[in-house]
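Residue numbers (this note's numbering), protein chains in the order written: chain G, 1 to 426; chain F, 1 to 426.
Accuracy of the hints is not assured; some may be wrong.
Claimed, not checked - A partial selection of chain G residues facing chain F, derived with a Cβ cut-off under 8 angstroms:
| id | residue |
| --- | --- |
| 1 | L111 |
| 2 | I120 |
| 3 | T143 |
| 4 | P203 |
FYI, nobody ran anything at the bench for these hints, they're computed from the structure.
Virtual Cβ for every residue (Gly too), placed ideally from N, Cα, C.
Number of protein chains: 2
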Amino acid sequence: MDQKRKDSASRSRRRFLTDSTAIIGGAVAAAAAPAGALADDKAPSNGNLPPNVPEWMKAPGADVGSQPYGTPSPFEKNVIRNIPKNQPQYTSSASRTPIQDLDGIITPNGLFYERHHGGIPEIDPAQHRLMIHGLVDKPLVLTVEDVRRFPSQSRIHFLECSGNPSYTAMKGKTASDLVGLVSCGEWTGVPLKILLQEAGIKPGAKWVIAEGADAAAMTRSIPIEKCLDDAMIVYSQNGERLRPAQGYPLRVFLPGFEGNMNIKWVRRLHITDEPVYSREETSKYTDLLPSGKARQFTFYMEAKSIITRPSGTQKIEKGFNEITGIAWSGHGKIAKVDVSVDGGKSWKAATLQEPVLTRALTRFRLPWTWDGSPVVIMSRATDETGYVQPSFEELTKPRGLNSFYHNNAIMRWQIAANGEVTNGNA
Amino acid sequence: MDQKRKDSASRSRRRFLTDSTAIIGGAVAAAAAPAGALADDKAPSNGNLPPNVPEWMKAPGADVGSQPYGTPSPFEKNVIRNIPKNQPQYTSSASRTPIQDLDGIITPNGLFYERHHGGIPEIDPAQHRLMIHGLVDKPLVLTVEDVRRFPSQSRIHFLECSGNPSYTAMKGKTASDLVGLVSCGEWTGVPLKILLQEAGIKPGAKWVIAEGADAAAMTRSIPIEKCLDDAMIVYSQNGERLRPAQGYPLRVFLPGFEGNMNIKWVRRLHITDEPVYSREETSKYTDLLPSGKARQFTFYMEAKSIITRPSGTQKIEKGFNEITGIAWSGHGKIAKVDVSVDGGKSWKAATLQEPVLTRALTRFRLPWTWDGSPVVIMSRATDETGYVQPSFEELTKPRGLNSFYHNNAIMRWQIAANGEVTNGNA
Numbered sequence: 001m002d003q004k005r006k007d008s009a010s011r012s013r014r015r016f017l018t019d020s021t022a023i024i025g026g027a028v029a030a031a032a033a034p035a036g037a038l039a040d041d042k043a044p045s046n047g048n049l050p051p052n053v054p055e056w057m058k059a060p061g062a063d064v065g066s067q068p069y070g071t072p073s074p075f076e077k078n079v080i081r082n083i084p085k086n087q088p089q090y091t092s093s094a095s096r097t098p099i100q101d102l103d104g105i106i107t108p109n110g111l112f113y114e115r116h117h118g119g120i121p122e123i124d125p126a127q128h129r130l131m132i133h134g135l136v137d138k139p140l141v142l143t144v145e146d147v148r149r150f151p152s153q154s155r156i157h158f159l160e161c162s163g164n165p166s167y168t169a170m171k172g173k174t175a176s177d178l179v180g181l182v183s184c185g186e187w188t189g190v191p192l193k194i195l196l197q198e199a200g201i202k203p204g205a206k207w208v209i210a211e212g213a214d215a216a217a218m219t220r221s222i223p224i225e226k227c228l229d230d231a232m233i234v235y236s237q238n239g240e241r242l243r244p245a246q247g248y249p250l251r252v253f254l255p256g257f258e259g260n261m262n263i264k265w266v267r268r269l270h271i272t273d274e275p276v277y278s279r280e281e282t283s284k285y286t287d288l289l290p291s292g293k294a295r296q297f298t299f300y301m302e303a304k305s306i307i308t309r310p311s312g313t314q315k316i317e318k319g320f321n322e323i324t325g326i327a328w329s330g331h332g333k334i335a336k337v338d339v340s341v342d343g344g345k346s347w348k349a350a351t352l353q354e355p356v357l358t359r360a361l362t363r364f365r366l367p368w369t370w371d372g373s374p375v376v377i378m379s380r381a382t383d384e385t386g387y388v389q390p391s392f393e394e395l396t397k398p399r400g401l402n403s404f405y406h407n408n409a410i411m412r413w414q415i416a417a418n419g420e421v422t423n424g425n426a
Numbered sequence: 001m002d003q004k005r006k007d008s009a010s011r012s013r014r015r016f017l018t019d020s021t022a023i024i025g026g027a028v029a030a031a032a033a034p035a036g037a038l039a040d041d042k043a044p045s046n047g048n049l050p051p052n053v054p055e056w057m058k059a060p061g062a063d064v065g066s067q068p069y070g071t072p073s074p075f076e077k078n079v080i081r082n083i084p085k086n087q088p089q090y091t092s093s094a095s096r097t098p099i100q101d102l103d104g105i106i107t108p109n110g111l112f113y114e115r116h117h118g119g120i121p122e123i124d125p126a127q128h129r130l131m132i133h134g135l136v137d138k139p140l141v142l143t144v145e146d147v148r149r150f151p152s153q154s155r156i157h158f159l160e161c162s163g164n165p166s167y168t169a170m171k172g173k174t175a176s177d178l179v180g181l182v183s184c185g186e187w188t189g190v191p192l193k194i195l196l197q198e199a200g201i202k203p204g205a206k207w208v209i210a211e212g213a214d215a216a217a218m219t220r221s222i223p224i225e226k227c228l229d230d231a232m233i234v235y236s237q238n239g240e241r242l243r244p245a246q247g248y249p250l251r252v253f254l255p256g257f258e259g260n261m262n263i264k265w266v267r268r269l270h271i272t273d274e275p276v277y278s279r280e281e282t283s284k285y286t287d288l289l290p291s292g293k294a295r296q297f298t299f300y301m302e303a304k305s306i307i308t309r310p311s312g313t314q315k316i317e318k319g320f321n322e323i324t325g326i327a328w329s330g331h332g333k334i335a336k337v338d339v340s341v342d343g344g345k346s347w348k349a350a351t352l353q354e355p356v357l358t359r360a361l362t363r364f365r366l367p368w369t370w371d372g373s374p375v376v377i378m379s380r381a382t383d384e385t386g387y388v389q390p391s392f393e394e395l396t397k398p399r400g401l402n403s404f405y406h407n408n409a410i411m412r413w414q415i416a417a418n419g420e421v422t423n424g425n426a
């Protein structure tokens, strides 16, 4: 067949190729080789390769537009949000992104992690309002369409829950069980600075109290400096409008700050001279130290990384394996990710996928040949400020073990002689 | 209430703030202000703003994880693929991305444009094989898992049908009707170069004939230079596995080349010394010139742009409007987008959203104040090679009007005195 095809191709060239710049005579073009010339039943001449014409080539497939809004292949039905089992209720709960099943840095909207405190409201955008008031010259009540008329901006940033993972969750089975409360997308909206300028900030304004339109009326205090820097009021996520679970139709977005402060379904921005001390910045989202005092207003998510492949519940084979994972920092760009394949004795710099973006997931990769002996693998991120992701011991030495949030410790995977990967945290 | 809240906040500060570094006593933190402190029924003190506590704040919303794989808000139900009406069949047809409804540069997977010639096959990845044969030292038959073991790469690139739009489609109503056969995503896969090196290319190899596992056995010839440059065999799109309509489980990806060559559901790569002259590179996907000859192997998608807001069927109001749209070039990065709001008499440089990526959509924006008089607006892209997007007249002068593909002409929108936007192409 190969010879036959070659002859056919030669004939084609003689028939159709009229000059060296690959211009063909249009009139005879319709007589060219039919589609599917290669879809024959014969093996190619070099090697006994199975042509293996599968069933799905023998009849037309599904119609164009049979899914006006597309969904994944049925064969990917297990790639879903990681939802904790046997919770007493799911109104205030979380689901995790299946990071071990994903590639690259963009999280598809259907798999964004969730953390809600009063369930997901279904909001009619035509009825929704954003009020800006307090220490302003001109209080504003804006519709969603009003917000969309202001100058816009699009930025790729991660979003992460500050309890990712809690100290007690360090024994999770999968990468998602451990740090699946992180996702990354392209966010489009209005710089918050522009809206505040529109209202006119009065002297003495130091905080913006943001309130969500959910049943929890989630409320957090944001320093005015962040609001005048890179904060946004966002309406789109990966091109389309925000998903309901992500704050449709409007949310606060604070690049690099803990997820809870990025108020979803935002309905009110109250400009004040002091924070409101809401539940989520006093009894929750603070870190109890050994001294009995608590760290409060711990805005930034520090540098973190995790190997997503190979990772827990996966199985590898001897020989070549690419080690890959994600790294991120609330303080800016990832500068370096080191990987160890000997339990932390030695480290090797991984390759970072370009472009490395500020406050975005960064994909890292390291080629590796596994000899079949049991090993512990781990990654360690360094951000552009020079900050290095700590071990759990380094992290908890000053902070103690009473804390819950802001655990950015190095995560370890144990690979057994049979290739099975399990949690390797102590 | 404002005063009341201020008093309460002051009390909070007195009660909880123990030093200037914002450390609070952990033991008493649990007694802090309850969530929803701002969700009262009273108007704020400055201005008679409606507090307008909506229904959806008065009862818990949907459970976390109620959508294991999330979907858009029901209020966005009209943001779907743009499917042509009254086609004789939809096995070989196209659907368009609703670009006028999208922001940023990432197209969500559910809204990627489609162009199929034999419908969408439903492929079991465990049964799928990729064969590499022909002018190689060692023919290969790879499983999907084999392909995933090779070193990987992630890149954000656009994908565009070469008939976007056909010359006769220049009277479409919406931006999607005109150039909605373009989408952009983050693609992850193996550099094709690595797979070809694995097989070992023999001297004389000049083309790679790629064949899809669909009922059309879509077959195209790719120059070996592209295959050894930035071509990929892709398995993931925006983080998750390829959607069936995008080639699940494996597709060819050729950054900047016309969509049809990016063979979906790829099952075979035949390395040859000459092209196969399949139907889609002879009778189709060639450009018939006035001379009767046709341009063939017109791989690259040239620089193009379109204003997506304001655009056809939208309506604007007097005063400030942000003009925004997308630009892209198969030859590299977009260097500049000029916008005219006076029918092409004068042009002003738009702002390009960073990062500007090679062979990716680039979002451009221009602030504009509309005085209410009828105008024609349009955009004109220049890429990093210096190539400037032509007017339809400039494009068709050498090429004539018999062609169908590779129309990258400037698109015009007419804005009437009442703010209604319609197609302004001649």
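> Taking each numbered hint in turn, which are not upheld by the structure, reported in ascending numerical order?
Replying inline: 3 and 4
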